[in-house]
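Enquirer: Sequence:
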Amino acid sequence: MDYTALCSARWDALCSRLSVGAETAATWWSTLHDAYEGPGRYYHTLRHVAELLLHLDAHRASVSDVDAVELATFFHDVVYNAQSGGGGRNELDSAEVWRDFARAAQLAALEEKVARWIVQTKDHRCTDADELDCKLFMDFDMAILATPPAEYAAYAANVRREYGHLSTAAWCYGRGAFLRSFAQSDAPIFATPAFRDAGEAAARRNAATEAVMLRR
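Residues in the sequence shown are numbered from 1 upward in steps of one, following the working numbering.
Derived by calculation from the structure, the hints in this document are not laboratory data. Think of the CB as a built atom: it goes at the ideal place given N, C-alpha and C, for glycine as much as any other residue.
EDC-like mimics (lysine to aspartate or glutamate), calculated; alpha carbons at most 16 Å apart, straight line: (1) K113 / D67; (2) K113 / D65; (3) K122 / D93; (4) K122 / E96; (5) K113 / D130.
Simulated restraints, written as ranges between beta carbons of each label pair: (6) Y163 / H124: 15 to 21 Å; (7) E37 / G174: 21 to 27 Å; (8) P148 / D2: 20 to 26 Å; (9) L54 / L18: 17 to 23 Å.
Could you put together the complete structure from these sequences and hints?
Expert: Structure, rendered in structure tokens:
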């Protein structure tokens, strides 16, 4: 699959629906493309964006505001700095890039909601007050955790490449803590029943398996 072509076509269609001017749409597509396909990106690429869009397609009947979810998808990892973006910095900076686009495209009605969802991907935790769209978006982003072992292993390897500046010991410590926070928590990984039913067990199994491997 040509993930770049898929994302480009979806971006053009989204901007057309939202009456974003052609020049603005083209300029921002270049911004998105260069960010996601820039140096040091191995997992958080346009392929990741495309995979979220495909999850959206599969669950479109349950989504109330497709445009908002697509916008959050395109911008949620537009800033991803593995060295300095921890502690929610990447998510906050990505939300600011989204705000810049929203203002340029005159999308004030969507600005706050989409920004909130982007920031929320720091931990993907939802509350009862969150919209179903928000919960589904979080689950689309976390769905990689429930993939078959070979696909999960490729994902984990690509994330490790993004953190290539870390020593093996530092990586194993940090990544292991992240994985155990999911595998050992009583809180579900997924926010919606559909994703919990389909992938909760597999996601916990994958996380636990990788955590054990990192301790070796």
